[in-house]
Amino acid sequence: MIGRAALVAKREYVTTVSSKGFLIGLLIMPVMLVLIGTLVPRLLDAQRAQVRAEVAVIDRSGSALDELRASFDPQALAARMTAGARGGMPARNASPPVLTLVERPGSADIESEKEWLLADGKQRAQRAIVVVHPDAVERRPDAQEFGSYDLYVSAGLRDAAESAIRESVRQALIGARLKASGLEPSAIQAAMRVSRTNATIVAAGGEQKAQRGFNRALPFVFGLLLFVGVMSSGQTLMTSMVEEKSSRVVEVLLAAVSPLELMWGKLLGQLGVGLTVMSVYVGLGILGLSQFQLLGLLDPALVVYLLVFFVITYLVFGALMLAVGAAVNQMADAQTLMSPVMLLLIAPYVLSFFIGQAPDSPFSIAVSFIPPVNSFGILARLASDSPPPVWQVLLSMLVGIAAAVATVWFAAKTFRIGLLMHGRPPNFATLIRWARMA
Amino acid sequence: MGAVLELEGVTKSFGEVRAVDELHLDVRRGATYGLIGPSGAGKTTVIRMIMSILFPDRGSLTVLGRRSALEAKDRIGYLPEERGVYRKMRVDAFLAYIAGLKGVPRRRALERATRLLERLGLADSMRKRCEDLSKGMLQRVQFVASIINEPELLILDEPFSGLDPVSVRVLRELIAEEQQRGATILFSTHIMAHAEELCERIVMIHKGRKVLDEPMAALRRRFDTRKVRFEPLDETADLEPLSRFPGVVRMVRTGEGCELELAENVDAAGIMRNAAAAIAPARIELARLRLEDIFIRLVAADGRGLEMSEQALRTHLQGLGNEGVAA
Chain A
254 MIGRAALVAK REYVTTVSSK GFLIGLLIMP VMLVLIGTLV PRLLDAQRAQ
304 VRAEVAVIDR SGSALDELRA SFDPQALAAR MTAGARGGMP ARNASPPVLT
354 LVERPGSADI ESEKEWLLAD GKQRAQRAIV VVHPDAVERR PDAQEFGSYD
404 LYVSAGLRDA AESAIRESVR QALIGARLKA SGLEPSAIQA AMRVSRTNAT
454 IVAAGGEQKA QRGFNRALPF VFGLLLFVGV MSSGQTLMTS MVEEKSSRVV
504 EVLLAAVSPL ELMWGKLLGQ LGVGLTVMSV YVGLGILGLS QFQLLGLLDP
554 ALVVYLLVFF VITYLVFGAL MLAVGAAVNQ MADAQTLMSP VMLLLIAPYV
604 LSFFIGQAPD SPFSIAVSFI PPVNSFGILA RLASDSPPPV WQVLLSMLVG
654 IAAAVATVWF AAKTFRIGLL MHGRPPNFAT LIRWARMA
Chain B
15 MGAVLELEGV TKSFGEVRAV DELHLDVRRG ATYGLIGPSG AGKTTVIRMI
65 MSILFPDRGS LTVLGRRSAL EAKDRIGYLP EERGVYRKMR VDAFLAYIAG
115 LKGVPRRRAL ERATRLLERL GLADSMRKRC EDLSKGMLQR VQFVASIINE
165 PELLILDEPF SGLDPVSVRV LRELIAEEQQ RGATILFSTH IMAHAEELCE
215 RIVMIHKGRK VLDEPMAALR RRFDTRKVRF EPLDETADLE PLSRFPGVVR
265 MVRTGEGCEL ELAENVDAAG IMRNAAAAIA PARIELARLR LEDIFIRLVA
315 ADGRGLEMSE QALRTHLQGL GNEGVAA
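Top to bottom, those sequences are chains A and B. Adding 253 to a residue's 1-based position in the first sequence gives its number in my numbering. Adding 14 to a residue's 1-based position in the second sequence gives its number in my numbering.
So here's chain A without its partners, still in its complex pose:
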């Protein structure tokens, strides 16, 4: 039996991995990630570099103009951008916005000045008027708060330009207020700056620098890998089965192999395909981490767990997809049967991110033992900051293996009957009836 099943598996594997579709599918995820990681920020920066606006300033306070000039200075704008003034974002290699200051008298009439915003009838005019309140730099004697400023903008002013203007005015007013109070703005800013540092995780096994971003992403990445591996193999398995059935080659095969040998051969062949996909992605991940000297952050045991739980999850979903493929005559008929299977696959994959955030919550622990989603749950927890105890991992593994055995048994029963069935596509109730009949 093993010899024939191995031959079927070999053909299944070779045919799949040598197809153009497989190579495109395999490369599409890393290419997408590279594109998202490199091209998209560049595109965004390219848009930011185009930010240009004219800003008319009416300083009714009479003491903010110097700071406004300094704040709108191209070098200051560039420095703020480099420092990632908003949200502590890392510096990016992009051109700073160009904001041209147009100084107007402090006594200028705002109503007539507004005409300037409409000037030339340009639809996309990039213009703004900033009117600094008289008490924006020095409070009125009876007031708790400083005054602020009014901002008038042309209809076409871009959000990025408005944000840059607001940030520049904010910085200018803070600077002017500090100076008016006799304080040195640069000293205050230095005093306000506390650089962020990574925590050191102290555990029984030793100390490790925590990488919160990495640790937060890892459960999701593992969920994604599991999802992509199972999906790519399972879908190919189902498609090839439907093709073999619709092209009537299946009975030719049954002349040489038993239905069980055929099923195991196909299942194992696509398991090989899935493991290849996983190995490529994990290999690329390890390569990426080693490039950034971050390899130490990935526990090798996690990779082993990933592969073990992949095999379990694949057997559960692969067997179901194979049973569906054997039961229908064309791909369109498979959609109805596949909907609940897909839901069972997508839901835990989406949840894996949240499980990684709260790995010790009752929900996360419960999910780790409910097949067929337990693999996603336990893997997300394993990849989180707070991994589960070993007994929970082993129990989840046992639950998964039991589910895989049950699903393969069910698939084997329905497979044999489904292979020779033609006509109206069955529903799940029919599949269960077949399993009882066989």
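Wrong hints could be hidden among the right ones.
[Unchecked claim] In silico lysine to any residue, SDA-like type, Cα no more than 20 Å apart, as pairs:
1) A:Lys263 to B:Lys102
2) B:Lys102 to A:Arg264
3) B:Lys102 to A:Ser499
4) A:Lys263 to B:Glu22
5) A:Lys273 to B:Met103
6) A:Lys273 to B:Lys102
7) A:Lys273 to B:Arg101
8) B:Lys149 to A:Arg501
9) B:Lys224 to B:Glu214
10) A:Lys432 to A:Gln488
11) B:Lys102 to A:Pro678
12) B:Lys142 to A:Arg264
13) A:Lys666 to A:Pro678
14) B:Lys241 to B:Ala277
15) A:Lys666 to B:Phe28
16) A:Lys666 to B:Gly29
17) B:Lys149 to A:Ser499
18) A:Lys666 to B:Ser27
19) A:Lys273 to B:Glu145
Hints are computed from structural coordinates only; laboratory data are not their basis.
Once you've looked at the hints, dock chain B against the given chain A.
For chain B alone, coordinates are given in the frame of chain A:
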């Protein structure tokens, strides 16, 4: 010689429908058996049970001395009624794959495949993809796949279905070669003419039940038509003298000439010689045994074919206008 195939009271139902009912069958080694009956009679179900693709609800079967064909698939060749190929696969790869599944080493499989394909006029198709072959060529490739392992038992389910006359002739020759090689052959067909030509023994099935299991020679004796068909060269010739020949019981006029019904123990060859001497013939022949006539007679006697009219049964048996009957 021992039995290659034994079925004992095999029964199979699909829901309310009993597809095969208490079937007993012994296929002797080296013989060619025809499993015949109209479409839906249960032939394919019987074959699928023999091949362990389906399993009987009741009864037992032995294939090549084993309790299941699963234990002897390497020694069996099977051409299913619903047959296909991997369209993107090359012919040599497809044949080597099927041969591999049957335990034939790749090199030996390719040697045999080359020889058989040459024999079938497909020598230059070895390296082609299956999707590049015509339907007739594919059918030949599929037949090659079924005998690539030089099987002891060859099971052919409607082998001539959908074939053009040239392919039918080539396939008949190949089946004859397999017979000469010593293979036991069981083939199903609803076209009786094929069974008449190829089979040593006929098994008739109707509604899942066996209604006949006899050697062809015995059938010829038992259902000998004792008729001579005569067609004169001169359409205006007087045929009446033929009715007065000794041993002629009755003469029936037909469109082209007449049919002479002969008495028992009369030498048909002598009657034919005398008739040809008396009136110049355009055609003179001994009426052939027609399995479909036997089938209709048996089904009518069995009382189970009454739901279907005789004409409908004949249409089934003749394969809707003699489909695939070779020249």
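Straight-line alpha-carbon gap Lys666 of chain A to Ser27 of chain B, limit 20 Å:
Roughly 18 Å separates the two Cα atoms, so the pair holds.
Quickly compare the C-alpha distance for Lys102 of chain B and Pro678 of chain A to 20 Å and report which way the hint goes.
Violated, at about 26 Å.
Taking 20 Å as the top limit, are the C-alpha atoms of Lys142 of chain B and Arg264 of chain A close enough?
18 Å, holds
So if I understand the rule, the pair passes when the alpha-carbon distance is 20 Å or less; does Lys149 of chain B with Ser499 of chain A pass?
Satisfied, since the Cα-Cα distance of roughly 16 Å is no more than 20 Å.
Holds or violated: Lys224 of chain B and Glu214 of chain B, Cα atoms, limit 20 Å.
17 Å, holds
Is Lys241 of chain B close enough to Ala277 of chain B, meaning Cα to Cα at most 20 Å?
With a Cα-Cα distance of about 9 Å, the restraint between Lys241 of chain B and Ala277 of chain B holds, given a limit of 20 Å.
Lys102 of chain B paired with Arg264 of chain A [C-alpha distance capped at 20 Å]:
Holds, because 13 Å separates the two Cα atoms, which is no more than 20 Å.
Within 20 Å, alpha carbon to alpha carbon, are Lys432 of chain A and Gln488 of chain A?
Judged against 20 Å, a Cα distance of about 67 Å means the pair is violated.
20 Å Cα cutoff - pair Lys263 of chain A, Lys102 of chain B:
16 Å, holds
Within a Cα-Cα threshold of 20 Å, do Lys273 of chain A and Lys102 of chain B meet the stated pairing?
Cα-Cα ~13 Å, so holds.
Restraint status (C-alpha distance of Lys666 of chain A to Phe28 of chain B at most 20 Å)
The given pair, whose Cα atoms are some 16 Å apart, holds under the 20 Å limit.
Hinted pair, alpha-carbon criterion (20 Å max): Lys273 of chain A, Arg101 of chain B. Please report holds or violated.
16 Å, holds
Hint compliance for this structure: hints 4, 10 and 11 are not met, and every other hint is.
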